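Just so you know, the sequences run in chain order D and G.
Just so it is clear: in the first sequence, position 25 is 25 by this note's numbering, and no numbers are missing.
Convert by adding 1000 to the 1-based position in the second sequence; the result is the number in this note's numbering.
Treat the hints with caution; some may be incorrect.
[Unchecked claim] Calculated lysine-lysine pairs in the DSS-like style (CA-CA distance at most 27 Å, straight line):
| id | chain 1 | residue 1 | chain 2 | residue 2 |
| --- | --- | --- | --- | --- |
| 1 | G | Lys1641 | D | Lys149 |
| 2 | G | Lys1253 | G | Lys1447 |
| 3 | D | Lys2 | G | Lys1253 |
| 4 | G | Lys1284 | D | Lys2 |
| 5 | D | Lys69 | G | Lys1253 |
| 6 | D | Lys8 | G | Lys1253 |
[As the list claims (entries may be wrong)] FRET-style restraints, in silico, Cβ to Cβ:
| id | chain 1 | residue 1 | chain 2 | residue 2 | range |
| --- | --- | --- | --- | --- | --- |
| 7 | G | Glu1680 | D | Pro62 | 29 to 39 Å |
| 8 | G | Glu1413 | D | Ser150 | 41 to 51 Å |
| 9 | D | Val60 | G | Ala1216 | 48 to 58 Å |
| 10 | G | Pro1239 | D | Asp11 | 26 to 36 Å |
| 11 | G | Arg1369 | D | Ser150 | 42 to 52 Å |
| 12 | G | Val1316 | D | Val60 | 37 to 47 Å |
| 13 | D | Pro62 | G | Ala1207 | 18 to 28 Å |
| 14 | G | Asp1256 | D | Lys2 | 24 to 34 Å |
| 15 | G | Asp1389 | D | Gly31 | 22 to 32 Å |
| 16 | G | Gln1254 | D | Lys2 | 23 to 33 Å |
[As the list claims (entries may be wrong)] Here are some, though not all, of the chain G residues that point toward chain D, as calculated from beta-carbon distances under 7 Å:
| id | residue |
| --- | --- |
| 17 | Gly1244 |
| 18 | Asn1303 |
| 19 | Met1378 |
Because the hints were derived from the structure by calculation, they are not lab data.
The structure presented is a predicted model; accordingly, all values stated were derived computationally and were not measured.
Even glycine gets a Cβ: it sits at the ideal position worked out from N, Cα and C.
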Amino acid sequence: MKLTVNDKDYDVDVDVEAEMPLLWVLRDEVGLTGTKFGCGIAQCGACTVHVDGMPIRSCVYPVGQVKGKITTIETDSSSDIMSKVQEAWIEHQTPQCGYCQSGQIMSATALLSANPSPTDEEIDRAMAGNICRCGAYPRIRAAIHAAAKSIQEA
Amino acid sequence: MSTLGKITRRTFLVTSAAVAGGVVFGTYKYKQAVPNPLLNSDGSANPEFASLNPYIKIDQEGVTVITPRAEMGQGIQSTLAMLVAEELDLDWKRVKTEHGPASNSYYVGIMLEAMAGHMYDHSTKANIIRDLSHIPAKFLGLQITGGSMSTADAFVKMRSAGASARLALTLAAAQQWGVKATTLKTQDGHVINPASGEKLAYTALAAKAATIEAPAEPPLRDPSQWRYLGQSMPRLDIPAKVDGTAEFAIDVKQPDMLHATVKMSPRFGAGIKSSDTTKAETMKGVEKVITLDNHGFAVIADNTWRAFKAADAIDVEWGEVSYPQDTAGIFKIYEESFLAEPNGTYDEQGDVELVFADAGQNLVEAEYRVPYLAHSTMEPMTAVAQVKDGRVDIWTGSQAPTSLRDAIMAVDELTEDSVHIHTTLLGGGFGRRSETDFAVSAYKIAKQTNGKPVKVTWSREEDMQHDFYRPAAIARFKGVMGLKKPVALDVQIASPSIMLSMSKRSAFPALGPDALIAEGTAGQPDDIDNIRIRTYAPELDIPIGFWRSVGASYNGFVHESFMDELAVSQDLDPIAMRLEMFGDLAPTANKVVEKVAEMAGWTGRKTDKGGRGFAYTLSFGAHTAQIIDVSMTDRGISIDKVYCAIDVGTALDPRNIEAQVQSAIIYGLTSAMSGEITFENGEVVQSNYHDYPAMRMHQVPEIEVAVMENNPRITGVGEPGTPPSVPALANAIFAATGQRIRELPMNKSVDFV
Ligand code: FES
Ligand code: FES
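Can you make the complete structure from the sequences, with help from the hints?
Here is the structure:
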């Protein structure tokens, strides 16, 4: 099986079952552990990655169904929207334990790619699938607004 | 002094095993420096770096500060590094941190301070007893991250480490240059000779400095000279937490590593009655299925998901539990416990019965109930273990690495130097990771893999159903009001003893009353003439443990809800009543309450859109007051705004403190709204975030935090935000709807947005 992750091609063990969730292919087969396991049932968003730019919950997404390019938190983001998100995250000192943050950043990046100046309600909707048990929400919201601003200024 | 007498006796019991040969401890032994765990066990230096003391490691690359507390989101490793950097004159941009090894040298010195008296008591006598409590704490030698203790514990210790190292480095430079040390300065990792303009990097001086005996506790800088402390510094762990490179235990990679998971008895204390593992054993990728002490299974495979699937395929019938099968039955045991002798009595003064006998209509009574709660850290329990050539390596996120080391040693009578604990970042702790169960079972699994490392990942379901829960509680309050404040307060609280539960799984002996049951109701600056607080400890074999703010997590709710009920009974303003109630006991408390009222522009309980509730709790030394605003919408109650004033004595990093307080409030509100663990057939019903929900973005209010510095002692901040958040919400809902919520979670009674 061939997967394109972060613009690189990975040959994954031909034996990987088509129904294995993408999350576990990324983590245990490809060795990209930035994408996290939180619930396994599409409830927490820790496993969020992009397939062709769309955010998906990789813990329930069978690898056999992946048709497009996969982007994870490890991507080289130097020039795109994700880098603005990451900068805003650092500026606002957003992460606490950090475990949910890969997923939060992937969801926020997808939101800002589709909607460069989201309202609070739009942020609520787009981020509803991402739990943060540390309660970093106030700074996640502030960082999304800040990233939106810097994208518009760019 | 009687309190210390008790502590000393207890501590002897606790430490008798740990203090080799029954060394009699005294001031002499206490004053001796702890061994430096960064040196080899024979005291020789590691060839790769110089270490000036247990907190400092210098190699060619620069200075690494050992920050021996678990980084679980609270930013502690950055705050601890600031303490050293301040005195050692490091360049913040180049500071590196490491958790370091598990070692008793990194013990929590203030471990027993809470037993030394009321936290609001700052009399000389109270302070002397507190300081004396550091002696037995040293011999306990517990390296623990919890109890909001880390900053207060390190405040002098780690600044001293920095100052002492700075002296040694300066002396080394003075020798090299042949000048007097007093003529030299230090700046950004260098010693400077202002007379000649020469400078030497610490990296170049370290080897020589390591041979110089500098005083261990030199004078510390006056806060007016602080350059880092008191400032909001960029946290050192954050860059790696935005690009996926931060390493949690679940991310550890070792060559030839296997992947495993566990399936444990969902009935606490009940073993395997019968089982069939043949299907699981033949599934793809599965190497082995093993049993774990007859209480469960581990599946060892080549991929975590394959291990999960095989664990599901194990057919098993479990035994029966010793406690009642369901929640109703469990609460019956709680109710019955009120008939037994109290476990403890606190804060007793005056004669409540006498006042009650006269009270007639004026007696106010209420009963409150709170459920069991899970921690549900974002990262489920995980550990990587390897057992090879007589050496054990464990990579895990532990809040108690020395306890973990000891627990592993105890399994097979291993020696201390054969067990190596590597503490990774923690994907949340909240008390759950102060337990050792998940890593000890990883050790047992790794014994069966012929030396190969194995990563053990729990499913969310296993995590939620095998927690050490925040215990449920029932609290019965009676009170009588005077003109402006209560004249009598009688409280009975039934909740199992966490210390007793701990004693069944660790070296901790359970001794006497468990003060944790009442903490947050007892020990408050309540200047009430007649008061009595009694606790009852029902015994059930349901594992319970430390959950963010421990006893105060429910005592804040019950005490503060009742105070609101008392105020309402006399049509008093709750804030005016509270200021009366403090009397002269705690000036710091008055100030946080006045501050929060000012922040919120408090004029009373009613607002245009709904209502507001007030609550105050003293916990972990920090006086904390909150006001919460709620409004009614057609989708339910919306929590609109939280105001919080907290006094931490000395604020080392205000922006980080704000984050901790917001976090603690959201953790509390989550539990208030929907947190509940229930039982059926002796098993926990909830299994994942769909039935044990967490607050989400759209539910989270704006949270404004004022960090104050009036308290005479520095306090921690990880927990104190939690206790008042729950009652402030309940009191706000009462103000908005007239509905008094006496049972948690609140979504049993009201709908939330
Ligand atoms: S792990 Fe995929 S949504 Fe939680
Ligand atoms: S930062 Fe810890 S779960 Fe979000």
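Against the structure, the hints come out as follows:
Taking the CA atoms of Lys1641 of chain G and Lys149 of chain D, the gap is near 25 Å; set against the 27 Å cutoff, the hint holds. With a C-alpha separation of about 18 Å, the suggested pair Lys1253 of chain G and Lys1447 of chain G falls inside the 27 Å cut-off, and the hint holds. For the suggested pair Lys2 of chain D and Lys1253 of chain G, the alpha carbons sit about 23 Å apart, so the restraint of at most 27 Å is met. Between Lys1284 of chain G and Lys2 of chain D, the direct Cα distance comes to roughly 20 Å. Compliance with the 27 Å bound is thereby established for this hinted pair.
For the hint linking Lys69 of chain D to Lys1253 of chain G, the alpha-carbon distance of about 25 Å falls within 27 Å, and the restraint holds. For the given pair, Lys8 of chain D sits about 21 Å from Lys1253 of chain G by alpha-carbon distance, which is consistent with the 27 Å threshold. The given range of 29 to 39 Å is respected by Glu1680 of chain G and Pro62 of chain D, whose C-beta atoms sit roughly 32 Å from each other. Distance hint for Glu1413 of chain G and Ser150 of chain D: a CB-CB separation of about 59 Å, inconsistent with the stated range 41 to 51 Å.
Between Val60 of chain D and Ala1216 of chain G the beta carbons are some 56 Å apart, a value that agrees with the proposed interval 48 to 58 Å. A hinted range of 26 to 36 Å for the beta carbons of Pro1239 of chain G and Asp11 of chain D is consistent with their spacing of about 31 Å. A hinted range of 42 to 52 Å for the beta carbons of Arg1369 of chain G and Ser150 of chain D is consistent with their spacing of about 49 Å. Restraint check, Val1316 of chain G to Val60 of chain D: a C-beta distance of roughly 26 Å breaks the suggested window 37 to 47 Å.
At roughly 57 Å, the beta-carbon separation of Pro62 of chain D and Ala1207 of chain G lies outside the given 18 to 28 Å, and the hint is violated. In this structure the supplied range 24 to 34 Å holds for Asp1256 of chain G paired with Lys2 of chain D, their Cβ-Cβ distance being about 25 Å. Take Asp1389 of chain G and Gly31 of chain D: their Cβ atoms lie about 26 Å apart, and the range 22 to 32 Å holds. At about 27 Å, the CB distance of Gln1254 of chain G to Lys2 of chain D agrees with the hint of 23 to 33 Å.
A cut of 7 Å between beta carbons decides the hint on Gly1244 of chain G: the least distance to chain D is about 2 Å, and the hint holds. Below 7 Å, beta-carbon pairs count as interface contacts, and Asn1303 of chain G has one with chain D at about 5 Å; its hint therefore holds. For the restraint placing Met1378 of chain G at the interface with chain D, the shortest Cβ-Cβ distance is roughly 4 Å, inside the 7 Å limit, so the hint holds.
The structure fails to meet hints 8, 12, 13 from the earlier list, while all remaining hints are met.
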